[in-house]
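Visitor: So the sequence lines, in the order shown, correspond to chains A and B. Residue numbering for the first sequence follows our numbering, beginning at 1 and increasing consecutively. Residue numbering for the second sequence follows our numbering, beginning at 465 and increasing consecutively.
Treat the hints with care, as some may be off.
[As the list claims (entries may be wrong)] Beta-carbon label-pair distances, calculated as ranges: (1) B/Asp510 to A/Asn189: 43 to 51 angstroms; (2) A/Asn189 to B/Lys755: 53 to 61 angstroms; (3) A/Thr243 to B/Glu475: 43 to 51 angstroms; (4) B/Asp510 to A/Val453: 47 to 55 angstroms; (5) A/Asn165 to B/Gln917: 28 to 36 angstroms; (6) B/Leu595 to A/Ala254: 29 to 37 angstroms; (7) A/Thr379 to B/Trp585: 23 to 31 angstroms; (8) A/Ser443 to B/Trp598: 39 to 47 angstroms; (9) B/Glu475 to A/Gly141: 39 to 47 angstroms; (10) A/Gln426 to B/Ser474: 30 to 38 angstroms; (11) A/Pro84 to B/Ala867: 46 to 54 angstroms.
[What the hints assert, rightly or not] Derived EDC-like pairs (lysine to aspartate or glutamate); straight-line CA-CA distance at most 20 angstroms: (12) A/Lys214 to B/Glu472; (13) B/Lys911 to A/Glu196; (14) A/Lys68 to B/Asp888; (15) B/Lys913 to A/Asp159; (16) A/Lys266 to B/Glu862; (17) A/Lys68 to B/Asp855; (18) A/Lys97 to B/Asp892; (19) A/Lys97 to B/Asp888; (20) B/Lys773 to A/Glu456; (21) A/Lys169 to A/Glu211; (22) A/Lys78 to A/Glu135; (23) A/Lys214 to A/Asp180; (24) B/Lys842 to B/Asp869.
Keep in mind the hints are simulated off the structure, nothing from the lab. Each residue gets a CB set at the ideal place from its N, CA and C atoms; glycine is no exception.
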Amino acid sequence: MSLIPRFAVVGHPNKGKSSIVATLALDDSVAVARSSGTTRHSQSFPMKVDGQILYELIDTPGFQRARKALAWLQNEEKKIHDRPEVVRRFVDHWQGKDAFVDECELLRPIINGAGIIYVVDGSRPYGAEYQAEMEILRWTGQPSMALINPIGSDEYVEDWRTVLNQYFKITRVFNAMTVDFYKRTEILNAFGQLQESWRQPLQQAVGSLTEMRKNQHQLAAAEIAKMVVKMCAFKLEKKISSTAEPMKYQSALATKFFNTLRKLEKKCRRQVQSIYQHTHLHSQEDAIELLDSDLFRLKDWYLWGLNKIQLSAVSAAAGATAGLAVDAAVGGASLMLGAVSGGIIGGAGSWFMADKIARQKISGILPLGGKVLTYGPVTNRNFPYVLLGRALYHRSLIADRPHAQRDQLILQQTDQIAWLSRLNPQRRKQLDKLCNHLSQAESPVETRKSLVVWLEQTIRHAEK
Amino acid sequence: MSRDDGLEFSELHPRDRAIALSRADPEGLGTEEQLSYWLSKLVTPDDQRIATEIASGHRLIGIGLGLLGVLLGWLTIMGLFQYDGQGRVNLVYLVVVLVGLQLSLTGLTIIAMLPQSMTRWLPGFKSFQQLLRWFSPGRLQKLFSRFMPVTERDGISQLLGRHQKIYTRIGKWQIFSWSQLFGVAFNIAALLSVFVLIATRDVAFGWSSTLDIDPTSILSVTNFLSWPWHAWLPAAVPDLPLIEASHYFRLQNGAANGVSPKVLGHWWPFVMLCLAFYGLLPRLLLLLFCKARLSSAYVQTLQHFPGRKELLTRLNSALIETRASEHESNVDEGIPAINKSQHQRISEALILINWAGLKVENTRLLDEILAAGQLTMKAMFKAGTNCSLEDDEQVIAEVGKLAADTPIGIILKAWEPPLGELADFIADLRKTGSPQRLIYLLPLALKSKALVQVENNDLQEWQRFSRQLADPWITVHQLVPGARI
Numbered sequence: 001m002s003l004i005p006r007f008a009v010v011g012h013p014n015k016g017k018s019s020i021v022a023t024l025a026l027d028d029s030v031a032v033a034r035s036s037g038t039t040r041h042s043q044s045f046p047m048k049v050d051g052q053i054l055y056e057l058i059d060t061p062g063f064q065r066a067r068k069a070l071a072w073l074q075n076e077e078k079k080i081h082d083r084p085e086v087v088r089r090f091v092d093h094w095q096g097k098d099a100f101v102d103e104c105e106l107l108r109p110i111i112n113g114a115g116i117i118y119v120v121d122g123s124r125p126y127g128a129e130y131q132a133e134m135e136i137l138r139w140t141g142q143p144s145m146a147l148i149n150p151i152g153s154d155e156y157v158e159d160w161r162t163v164l165n166q167y168f169k170i171t172r173v174f175n176a177m178t179v180d181f182y183k184r185t186e187i188l189n190a191f192g193q194l195q196e197s198w199r200q201p202l203q204q205a206v207g208s209l210t211e212m213r214k215n216q217h218q219l220a221a222a223e224i225a226k227m228v229v230k231m232c233a234f235k236l237e238k239k240i241s242s243t244a245e246p247m248k249y250q251s252a253l254a255t256k257f258f259n260t261l262r263k264l265e266k267k268c269r270r271q272v273q274s275i276y277q278h279t280h281l282h283s284q285e286d287a288i289e290l291l292d293s294d295l296f297r298l299k300d301w302y303l304w305g306l307n308k309i310q311l312s313a314v315s316a317a318a319g320a321t322a323g324l325a326v327d328a329a330v331g332g333a334s335l336m337l338g339a340v341s342g343g344i345i346g347g348a349g350s351w352f353m354a355d356k357i358a359r360q361k362i363s364g365i366l367p368l369g370g371k372v373l374t375y376g377p378v379t380n381r382n383f384p385y386v387l388l389g390r391a392l393y394h395r396s397l398i399a400d401r402p403h404a405q406r407d408q409l410i411l412q413q414t415d416q417i418a419w420l421s422r423l424n425p426q427r428r429k430q431l432d433k434l435c436n437h438l439s440q441a442e443s444p445v446e447t448r449k450s451l452v453v454w455l456e457q458t459i460r461h462a463e464k
Numbered sequence: 465m466s467r468d469d470g471l472e473f474s475e476l477h478p479r480d481r482a483i484a485l486s487r488a489d490p491e492g493l494g495t496e497e498q499l500s501y502w503l504s505k506l507v508t509p510d511d512q513r514i515a516t517e518i519a520s521g522h523r524l525i526g527i528g529l530g531l532l533g534v535l536l537g538w539l540t541i542m543g544l545f546q547y548d549g550q551g552r553v554n555l556v557y558l559v560v561v562l563v564g565l566q567l568s569l570t571g572l573t574i575i576a577m578l579p580q581s582m583t584r585w586l587p588g589f590k591s592f593q594q595l596l597r598w599f600s601p602g603r604l605q606k607l608f609s610r611f612m613p614v615t616e617r618d619g620i621s622q623l624l625g626r627h628q629k630i631y632t633r634i635g636k637w638q639i640f641s642w643s644q645l646f647g648v649a650f651n652i653a654a655l656l657s658v659f660v661l662i663a664t665r666d667v668a669f670g671w672s673s674t675l676d677i678d679p680t681s682i683l684s685v686t687n688f689l690s691w692p693w694h695a696w697l698p699a700a701v702p703d704l705p706l707i708e709a710s711h712y713f714r715l716q717n718g719a720a721n722g723v724s725p726k727v728l729g730h731w732w733p734f735v736m737l738c739l740a741f742y743g744l745l746p747r748l749l750l751l752l753f754c755k756a757r758l759s760s761a762y763v764q765t766l767q768h769f770p771g772r773k774e775l776l777t778r779l780n781s782a783l784i785e786t787r788a789s790e791h792e793s794n795v796d797e798g799i800p801a802i803n804k805s806q807h808q809r810i811s812e813a814l815i816l817i818n819w820a821g822l823k824v825e826n827t828r829l830l831d832e833i834l835a836a837g838q839l840t841m842k843a844m845f846k847a848g849t850n851c852s853l854e855d856d857e858q859v860i861a862e863v864g865k866l867a868a869d870t871p872i873g874i875i876l877k878a879w880e881p882p883l884g885e886l887a888d889f890i891a892d893l894r895k896t897g898s899p900q901r902l903i904y905l906l907p908l909a910l911k912s913k914a915l916v917q918v919e920n921n922d923l924q925e926w927q928r929f930s931r932q933l934a935d936p937w938i939t940v941h942q943l944v945p946g947a948r949i
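Chain B on its own, in the form it takes in the complex (with noise of 0.2 angstroms):
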């Protein structure tokens, strides 16, 4: 689509209808598929490929946060679990580092997920996600692309970067599933670095606080945080007398206090489901919930694309095609009309020939027209508009019986356009008397039956006839009414 934005309308249009209409059955599409089909037709070899380097660049990315998760879930675990054979793995560091430092965490990212329309009214709200989203290991694809190669880092910057307005949605819970990923990595990764320490070691669980808690306390703790398997699996479920047996003082130098180190591993079942429960349950929840949500933003992606609408109107509207496929040609509006014009007196008296049709003979018309032309006449006929052929051809012999170097005016009308058959009579006029003999086109202008000055776009006109003759020998002659004789 961002390929079609410098394109205009007239172009888009005939090849999208074309498309639309390429497929049999256009009627019977869904609009989905309609806009899948058209973007199967759209598709070039570079798209593939950018498609395939996003793929490729967000698996990159996906295996890289999961190996850092690995790594960090490893190396945690190794730091809790530090026991030298001496002391005890205190249990308090557990339960506050993998149970409740991984549900803050967690309580954190759902709230950094929270849509804005849940926050709109809590004043900071906004800057508060914005800052919580900042820390999400997600974010770590940007240290992750410069390490790729320069294809899957301009995948990923397309996706991500450039087009970040129109792709903020799949942008957000792209980020947050990896995120979750390094979760889910990051807890799977502890709890087997749990499972290998106690199948390779002897831990000896303990608890220990300068607080005076009651070993009762601590059971209600235990209780509560064994509620979700309590029921299913009793034995992970410490008991008083083993929370008692575990209590341990350092300046007894972790002495097992008359109770056997064996019983201080039953712990183990507790913590790992504690890890199972409170680190890696939530976050593969959540981790599918990313997932569903950046699913459902690539569906609404497509559906709120800018331009969708006006893409499925080009598909959906008939194509209706009203202009010509060719266009005429040489058209010589731009050529200016040469002035051959005057307006002077005339001293040799005119044989006139009344070619406009008027009332013209014996009329003061005749007078003004005269006057106007600073003419005078010698002879006067009547031929063109309402006579008949025959009518012309009698003119044309009468005036060759007149002297052959009598100029001839034409009386016209100047807001009709000059004809062919003005031509073919100049033509055959020409043929009698003296080819040098004047012919003048007396174009006039009527209002209210008075004389008139003629247009200036009809004299341009008859001085473009007069041109087309190409005879040297034709004028333009202007009738400027009221002109002194």
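So that you can see chain A by itself, here it is in the shape it has in the complex (with noise of 0.2 angstroms):
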């Protein structure tokens, strides 16, 4: 018996093996195909905690000669308690030969001690040509767990309860596609119930993802403060002649502002999903292209970020704060008359403001001659809030999502409109202040701090 607990994950060929192997190991690189024959040869995803490996799993061919195999077995079997050591001589006799290459190739670790996760799909009907594989399973003696992966539907995950229950110790549903998290860590709980041994590695390993997990939130929470304050702050500037024409270079310096933006974003979320292990997500950027609906389409900022009411609110805060700063400043003699009109001033300003973006200016004498000409930062006070809007979205979408999945990220603006009412009004009120700060690109290192603390609560939050 092999000391690391180890997992054959075996079954009838094109039933989510290989997407239950790629879900459990965090791996989006697994091939997961809707056709059959996917996989060819046992595969080992050990898990590793600092080099220490604490289960491994296998991800195997499906049965294609069952029946035949059996009979085999059958017919070399004297007595019972034999079983296991008849399945090893079948191994042994056909290893390498053309016969039996994808039955060798699955039982060859189960008899070297693993453990066994046969899975079915609960969306497709029970048969009985399912029932020669899980005889010969069972021939192993081998501690054994079933998964129903309903894949598409659930129609017959009950039927097949009752035929699985009959083989198995242990039957769970488990949907490769659609797993959190917590159902993730809950079935490998249950691999380490197949044997004593392996509960205590399970359990360990079951912490250290969960810890895991936790860096994970810390981590994407952290780069995501520093590309909104680094997208807050940004400009760029192009030292012009003196007798240069400034409209001919403003549309170039504009485009190359935005795409400057738009490409820090898009590293932004880059990190997000290496941070998140869906380091193959990389390459499917068209999938990635539907989430964007593009940065800069401010029809869209509205959704992404405050709504015109809302923001014009939130800029008579701003503005009434700078008009409460006149009224320290005057020792409260003007009665408070700053503060109104500062509120009013705000309000009414980003209302008609609302369809602006950044500011373009041309300044200053160079000491050699020429002038300044600068894009950005962009003043819009909705901008903070959209950045965080999409990040926090697209942040979601990669921390729940399972590593089988190979669809395209899709975009549900219906469900992203919330995100700022569902904060409690604590919580809303400290996020107003950091964008009142990030809009102003105030003390940039504090903020930074205090957006990360806020985003590692919101993180937690959702999480729960």
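Each chain sits in its own coordinate frame; assemble them with the hints.
Guide: Put into structure tokens, the structure is as follows:
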């Protein structure tokens, strides 16, 4: 019996074995296909913590000739307690020959001590063709459990459960395409129940994964905060000669400005994907495009960030703050008029300026002559909200995405509208304050720190 | 860290965690020690070169500003002690410049140094501070940098230029340190110059004013200024007779007024101590303060460096690897299935083989299959699912006895994938009868026991299987429920 828990994921071809392995091994590079026979060789997915293997998953090809293999075993059987030995002889006998390539490949890890994870598709009915393979697995005498993977629908889950309970110690439903992090850890704990000596390493693995998940949230929060602070303060300058016509350069400068911001957002997304171990999603540019309603499509800003009325209110509050500072400076002698007028100007100004993004200016006379053309930073107060809305939404899609998923990331705008209204008043107030600092590019280091804390709390809350 | 900016977490974490674990007793390390160790492992010869250049650039700027301070200090004293042996060196000038002006400049320097948290609520104060900083002699570093070798200049720009945002605090205190160094050099040079002048010339000090100033008022000023040393150096505290004796009027053409010129020289200890206490000492203290702030800024920058927390997470969180080291290749999902299926009437009656294990014989389902496939049946056998291998062999033998050209139809569950067992069966079947005997694969789909249209994905799966058999006489025949015969 091997010391490290090993689990061979076996079953009929095309029943989602590789999907289950991809999801449990957090590996989005596993070949997951709708056609059968995609997996031709057993593949090991060791779970290592600082190089120490805690358990190992083995993806295997499906049974191709179960009836024939069972017939061979039955023919060789002398006594019932010989069965595991007969299976070993079967593998040794047929290894390297054409007749039972897949059976040898899938049975070898089991006769070497791996536990059995038998996978069936809960959307397809049970049939007699499964009987032979379940019987062979029983012959191995190894601890086993069954996973019903409802690919598409759960129409036959209950029928399957009735059948599988007759062959396996534990039966669970596990949808590799929709399962969340906690369900994944629950399944790993269930693996640990198959044998007493496997419990501890599996619990340790679950503990490590939970810790990793926490770190992932913190790192994602830091990455998003870094991007938002950088983008809110970003500006571009171009030195031009005194005689040059600024108009000629303005358009190119603006294009460069917007493209750089787009690149910064994309870079952040790649980092977040990398943090959550979705490294292969990078190559699926078209998959990301769907999510990517362009950052500067202003009509979407009211969807990602504040709507016009909220924006007006926030700006009014920010204007009022500025007014209050004036009041404080004159020792309250203005009888709060500063606050009132500041509020009105801020609110009205922002309503009319809601469709503007960034300011462009020509300034300065350089020591050796010439002018400086500046574009940015983005002045629109909605910008930090939009960036945060988009980044948080992207993060949640990535964090919840099982690694077996190969579909495109789909933008569900109706969900997104609510992200601000879901915040409780206190957290919303903190956000408004942070966004106010971001809009004015005030003390970026402190703002970034506070934003990281705020994002960590928000992500933790979303996880619950 | 800026180098790491282009790297992804999946690359950074294994690298940083490996560094953390490469040190014996990684758990026992303090945070700063851990960061220093990490840095030492990643530092490249290029980084070391840049560090050397920065240090050497800083030294050069310090030396330059020091020399400038010495030059200005000497020139100032030479100007103030302009004395041709006829008149006297006016003490009022000396006190105004060496005490008043120096103290004012020191005060403005302190104002410029005040942290933002203390001045936030004073409107316009930030701009005032920026204006003051603009006049700081430390800013001359830019001028000195221009005359430096390219390598040193690059080093300086790394710290104070390109990464200015990160090093704001360091930049601020570095410039203030240089300014204080300039001030210290100025005062030391001034002191030495005064000493040299006094030692090598006879300098007569005096004071003069159009205003009707009483010598006792002057005494109170000199007493006030001499307060720091009056207890331990009373000889350096001017007394009333000396003040009265030093009062002169230019119309008297600097005449000694009956006073010995030797007495007029007794002012020098007072002048030198004023310079030391109100010029050199504050600058020296400020220099020490700025150096301390600079060191603390370096530590703080390291402590608050953007990405520090993330780096510590990478160093201290276990590296969890769950992926396979190698992945399957040659996945032929991308190869389109050849459209090797048909739906048209088959004129000849078929030998049907029920491989699906479904109850088909003598049922309504059989009629539906025949109708949906536009087929007629000559004979029917059961093999595969629900049958033994012997049954399969029996069927092959029976089929072999029938006419060698009679086409065969194999009824299959469309939703189950094609298996090797079926391929073996077809291969054995092919050995009987004509090698050109047509074999039709008949995948069917059921819903509530009634025949329904086969899903496209399933159909493609069977088409792929048919292609893999590499037999031109095998076709997937599509069953279309409800089709007219």
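Visitor: With reference to the structure, classify each hint as holding or not holding.
Guide: Quick rundown of the hints versus the structure:
1. Range check, B/Asp510 to A/Asn189: about 49 angstroms between beta-carbon atoms, so the 43 to 51 angstroms window is met.
2. Distance hint check for A/Asn189 and B/Lys755: the Cβ-Cβ separation is about 58 angstroms, which falls inside the suggested range of 53 to 61 angstroms.
3. In this structure, A/Thr243 and B/Glu475 meet the distance hint of 43 to 51 angstroms, their C-beta atoms being roughly 48 angstroms apart.
4. A hinted range of 47 to 55 angstroms is violated for the C-beta pair B/Asp510 and A/Val453, which are about 36 angstroms apart.
5. Range check, A/Asn165 to B/Gln917: about 33 angstroms between beta-carbon atoms, so the 28 to 36 angstroms window is met.
6. One distance hint, 29 to 37 angstroms for the beta-carbon pair B/Leu595 and A/Ala254, holds here, with the actual separation near 33 angstroms.
7. Hint check: A/Thr379 to B/Trp585, Cβ distance near 25 angstroms, so the stated range 23 to 31 angstroms holds.
8. Separation of A/Ser443 from B/Trp598 is about 22 angstroms and departs from the stated range, judged on CB atoms against 39 to 47 angstroms.
9. Checked against the hint of 39 to 47 angstroms, the C-beta distance between B/Glu475 and A/Gly141 comes to roughly 44 angstroms, which is consistent with it.
10. For A/Gln426 paired with B/Ser474, a C-beta distance near 36 angstroms keeps the hint of 30 to 38 angstroms intact.
11. Separation of A/Pro84 from B/Ala867 is about 48 angstroms and conforms to the stated range, judged on CB atoms against 46 to 54 angstroms.
12. Only pairs whose Cα atoms come within 20 angstroms are accepted, and A/Lys214 paired with B/Glu472 is accepted, the gap being roughly 18 angstroms.
13. Restraint check for B/Lys911 and A/Glu196: the C-alpha separation of about 44 angstroms exceeds 20 angstroms, so the hint is violated.
14. A hinted pair counts as satisfied when its Cα atoms are at most 20 angstroms apart, and A/Lys68 with B/Asp888 qualifies at roughly 11 angstroms.
15. The straight-line distance between the Cα atoms of B/Lys913 and A/Asp159 is roughly 16 angstroms, inside the 20 angstroms bound, and the hint therefore holds.
16. Restraint check for A/Lys266 and B/Glu862: not satisfied, since their Cα atoms lie roughly 66 angstroms apart, outside the 20 angstroms limit.
17. As the CA atoms of A/Lys68 and B/Asp855 are separated by approximately 12 angstroms, the hinted pair is consistent with the 20 angstroms bound.
18. Restraint check for A/Lys97 and B/Asp892: the C-alpha separation of about 19 angstroms stays at or below 20 angstroms, so the hint holds.
19. Between A/Lys97 and B/Asp888, the direct Cα distance comes to roughly 15 angstroms. Compliance with the 20 angstroms bound is thereby established for this hinted pair.
20. Between B/Lys773 and A/Glu456 the CA atoms are separated by roughly 13 angstroms; this keeps the pair inside 20 angstroms, and the hint holds.
21. For a cut-off of 20 angstroms, the pair hint linking A/Lys169 to A/Glu211 is broken: about 30 angstroms separates their Cα positions.
22. Between A/Lys78 and A/Glu135, the direct Cα distance comes to roughly 17 angstroms. Compliance with the 20 angstroms bound is thereby established for this hinted pair.
23. Distance hint between A/Lys214 and A/Asp180 is fulfilled; the C-alpha atoms sit about 15 angstroms from each other, no more than 20 angstroms.
24. Taking the CA atoms of B/Lys842 and B/Asp869, the gap is near 12 angstroms; set against the 20 angstroms cutoff, the hint holds.
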